Every structure is written in C-alpha cells, then in structure tokens.
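Protein chains: 2
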Amino acid sequence: MIFNLEHYIKEKQKLINKYLGIILHQFDKKRELVMAMEHSLMAGGKRLRPILSLASAEICSENFSMLALPACCAIEMIHTYSLIHDDLPAMDNDDLRRGLPTCHKQFSEATAILAGDALLTHAFQIISQPKIVFETYPDVEVRMQLVSKISQAAGIMGMIEGQMLDMQPQIFESGDCLTHLKNMHSLKTGKMITVSIESGAISVGADPADIEHLIDFGDKIGLAFQVVDDILNVEGDPDRMGKSKGSDILNKKITFPLIIGIDASRKFAKDLMDEAIESISSLGEQSTTPLKAIATYIVNRDH
Amino acid sequence: MIFNLEHYIKEKQKLINKYLGIILHQFDKKRELVMAMEHSLMAGGKRLRPILSLASAEICSENFSMLALPACCAIEMIHTYSLIHDDLPAMDNDDLRRGLPTCHKQFSEATAILAGDALLTHAFQIISQPKIVFETYPDVEVRMQLVSKISQAAGIMGMIEGQMLDMQPQIFESGDCLTHLKNMHSLKTGKMITVSIESGAISVGADPADIEHLIDFGDKIGLAFQVVDDILNVEGDPDRMGKSKGSDILNKKITFPLIIGIDASRKFAKDLMDEAIESISSLGEQSTTPLKAIATYIVNRDH
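Line order of the protein sequences matches chains A and B.
With the working numbering, the residue at position 246 of the first sequence is 246, and numbering never jumps.
With the working numbering, the residue at position 205 of the second sequence is 205, and numbering never jumps.
A hint or two may mislead.
One copy or two, it doesn't matter: identical chains are merged, so the pair holds either way.
Computed cross-link-like contacts, DSS-like style, restricted to lysine-lysine with a CA-CA straight-line distance of at most 27 Å [said to hold, decoys possible]: (1) Lys29 - Lys253; (2) Lys270 - Lys18; (3) Lys105 - Lys253; (4) Lys46 - Lys30; (5) Lys253 - Lys182; (6) Lys131 - Lys18; (7) Lys105 - Lys30; (8) Lys267 - Lys182; (9) Lys29 - Lys182; (10) Lys18 - Lys30; (11) Lys30 - Lys182; (12) Lys267 - Lys14; (13) Lys253 - Lys30; (14) Lys253 - Lys10; (15) Lys18 - Lys182; (16) Lys182 - Lys270.
These are calculated hints, taken from the structure and not from any lab test.
Treat the numbers as computed from the prediction; the structure is a model and nothing was measured.
Model the full assembly from the supplied sequences, consistent with the hints where possible.
What follows is the structure in structure tokens.
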C-alpha cells in the first residue's frame, strides 16, 4: 500500500481539530476572550506539531497513539499563543496570520495579550485534567513529565528566549552569524518541534533509546523547517504563505538566505532532512514512513 | 506568647524571597529576559499569596509546611506575570508598580510581554521539576492537583476572565453593578487568593473538610482585599501605595466606593473579614492565629 501523506495529514488535522473544538466548546463562545482564542486556534493552522507528535507516538506504539492527544492539544495551544504574542505591535507587528487578521487586529491588543495568556495557561490545565476532554490519557507520572518537558521547551531556556534573541539583531554584530542564527532558531522554533515529537513518544511509554533517536530527528527537522521558512519568505507566494512576502527583509531580520545565500540554504535544508531521516532509520521501515514523509514535505513545501 | 504579625510576615517573606532567588539564580542574570523577570519578581512585593499559602499549610500540618513552597513560588510568579501584563500600555498603561518603573518602562513592551510569558510558563516548570530548587516537595499526585488547581484559577474561568471583564466597563451598563463588580473581582483577584490558601493545604495533604473551610476563608478575604484596594485608591498615600492616587477614577474604573460609597465599603470589608475568621474557627485556636491576623491586616492596611 502506497502511503498518501496528504490523506494522512488531513486525517490527523481532523482529529486534532475535533479535540481542540471540544476544548473550546467547554466555554461560552459569546465571551470575547473565548472568541479571540478560537479565532487564532481554529484559523486553519497546519497542525504540524501535533501531527509530528502523533506520528512519533505511532512509531512507538501502534495501538495507543491516542494517548498523545492531550500533549498534542497543549502544544498546539502553546504554539498558537506564541503566534498571537509574536504578532503584537510591540513584537513583529503583523496584520495577517494564516491569511486572516491577527488576533489584535480582529479584537484588540489587550484581548490578544489575554487570549495568548489564556491559551498558555489552559495548555497545562489540559494535561492536568485530561479526563474532561479525552477518552484515554497517560497516567499521572507521564503527564507530569509532559508538563515538565513542555514548560521547559516553551520557557526561559526555550521558545521565549528564542523570541528575545529574534528581537535583538545586535547579537549578530559579534561572533559567528550562522551559529547565532542556528541557536536562535533552535530555541525559537526547534525546541517546541522537538518536544512535540518527544511528547508523542513519552505519552505512549516509549523506550528511552527510541526517544533519543526521535529527539535527534526533531532537532534536525526543526532547524530545516526554519531554513525553509526563511527561503519561502524571500521566494514564496504571499497568498499561499498567508503573510506579506519579504516581511523579513522589511523587518531587517537576519535569515539563512541573507547569510549563506539561497542555494546554500536549500542545500542545508536538504542535508538536514537526510540526516533527520537517517536518525530514525533504526526504528523500522513501515512505522517511520509518515514521519519521514513529513520531513520531506517540510523541506519541499511551497508555503 | 503573643503573636507578632510583622515578625511572621518578615520571616515568611525572607523564606519566599530566598527560593524565588534560587529559581532566578539558575539563569544567566545578564540576559535581558532574566533581568526583566527579576526586576518584577524581586520588586518588593508583599508576598501576600505565598504567605497565605504557608499559613494555610501550617494549620493543616505543623511540621511539613515547607511542602507548600513549590506552589508558593509558582503562584507568586503567576501573580507577578499578571501584574506585568496588566501594566502594559494596551491594558492599564501604568508607569509605576510597587514604587518602581513597570517592566515595560524599565525594559521594553516586547520584553515585558515575554518576561510575563516566561514567569507564567516557569511556574508550571517549578511544580513539575521541584527537585532542582526545593529540598522537599509533594508527591506527583499532589503536584498534578496543584497544576490543575492553579492553572484553573489563573485561566479562562479565573484571573484572565477577570482581567477581560475589568477592561469592559460596558458590562456595568446592564444589571446589578454590585453583582458584576463582585464577580469581576472574584475572578480577577479572588480565585488566585483562594487557590493560594487551597494549595498550601493540598501540598501538606490536608483533610478535605478542612480544605473546604479554608476555601471559604479565601473567597471572603480575597473579596475583602479588593474592597480595601478600592478604598485605598481613593484615600491612600500614593508614596506608600507605590502607584498614583485616584488612578481608578482617571481610568474610569467601577469601584466599590463608587457604587456603595466609602462608609458602606468599609463596613462590607469588615463584615467579610469577620465572616472569613469565623469560617476557620473550627480549625483550632492557636494554629489559625496567623491566618486570622493576616485577614485583619488585609482589611486594616493603609497601603
């Protein structure tokens, strides 16, 4: 049977959207806070992180991958909060996100700040009280590990520090630009992508050695994702990207194409993809097919 | 032996500040993110919430109240994040907090947004990974309960919704103003004060019936705290308050003095204090002395 990635992604998106919908459905949708959360959470995101998490869970446990759903939803909520705050006028000042008005444009800055805070806070509520939403969920020890890993990846030594560095172009004035750029992206995007894959494996009680391979895969594919994002910002179709073309140049962002050029950036992304795929080769041929296909998609996508 | 509240508070503040210092000390203090977190977290807050938590833990377990410290620190970090975000130009637009420049005034709006996000995220890291900081801590089941209770009190049905309501004066245009105001404050301040007291008790494995009495105490003293805050905003000494006098009037905030007058507000606060003290009378005379003294202090304070 030939693996159909498009079908696989659609099926997973449907599953994730179903549970994110159930989470939001607990609250009165006429409240502005809930409307703002829904506006951003249900804006048609790719659901890349939870899909990676589910694909990772499936490698480690064919029958119990549903156990990864609480972490999937928590991670997507944290990802969405980070986009809402990142888009604020004081940060990247973006008007469009996924082709729709950003949260602060649709509502107000104050509401966007609070909707982000609410999504972040509720991510931990989801993991601590999964039974309200999910039929099955990992035991308390595993869930505490998820709280720990996810709060670490999203926090002071992870995503938030990456966002800080992204706003401080002066760090590029000293030392090796490429090292700075890799470090910034490893923190800003990489840690959350890696923890998505790790959380899927942890949720199903995977073997620690297998988890190490998956972390390796995550680190590489996370960086590749960012390199491709930079390339698409220069070359991509703004309608398909859902944001303005060349916005990185306008915002004077340091990018991979700027430092090493477009061709070397493309080769770098391709090499990372190959290394990522290689790092999970020992985990089996068939079960790793979706994850490998996603890695290939990440590098070859056009939006 | 006569109970000395001032001494008690100072001792607890020292203990809490010690552990908050250890938490911050894990990170490079030259990083702007960490400086911004420290600026707000160590700005000389009253530490009311963690002190309430410790006093509650002491009632339920004389010897193991230190088990409440992880929750104490997490709650104080969440409280501080909420102040940082609340002070932002898009929210209350305050220049001063605890007599110092607000986080966005001292650093930048972007840094303040991220420092708040980091404090909120790290609160859950603290509870999930307490061993890095604390000698003793509750077992995993209890800590998961803490994640659940705290994320609930701080979230969509708690503090964040209270902040939303506080920014929507139009809600006062229909219905009973006093009911709206009580509801807003119960969400904005009350839930976090109650969960502080509840967390202290939960951390030491308190009896559920005792916890109920303490929750009742928390609900009442939380509301009393806000009524007194409103009174002090009209009457207080701005130097001692650390913020501008009458700022509620300038910001057109609906307050208890505005709706029921100063004298009735004072009586309301006093009645709540009496009811709060009464609600924990069954928990013993001596062990409840600190909590009762704090309740009295909350209502009689001048800043």
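Outcome of the hint check:
no.	hint	verdict
1	Lys29 - Lys253	between (37 Å within a copy, 26 Å between copies)
2	Lys270 - Lys18	neither (33 Å within a copy, 49 Å between copies)
3	Lys105 - Lys253	both (23 Å within a copy, 25 Å between copies)
4	Lys46 - Lys30	within (26 Å within a copy, 37 Å between copies)
5	Lys253 - Lys182	within (14 Å within a copy, 47 Å between copies)
6	Lys131 - Lys18	within (15 Å within a copy, 37 Å between copies)
7	Lys105 - Lys30	within (18 Å within a copy, 34 Å between copies)
8	Lys267 - Lys182	within (15 Å within a copy, 61 Å between copies)
9	Lys29 - Lys182	between (40 Å within a copy, 22 Å between copies)
10	Lys18 - Lys30	within (20 Å within a copy, 44 Å between copies)
11	Lys30 - Lys182	between (42 Å within a copy, 21 Å between copies)
12	Lys267 - Lys14	neither (33 Å within a copy, 56 Å between copies)
13	Lys253 - Lys30	between (38 Å within a copy, 23 Å between copies)
14	Lys253 - Lys10	neither (33 Å within a copy, 48 Å between copies)
15	Lys18 - Lys182	neither (35 Å within a copy, 36 Å between copies)
16	Lys182 - Lys270	within (16 Å within a copy, 59 Å between copies)
Violation of the numbered hints given earlier is confined to hints 2, 12, 14 and 15; the remaining hints are satisfied by the structure.
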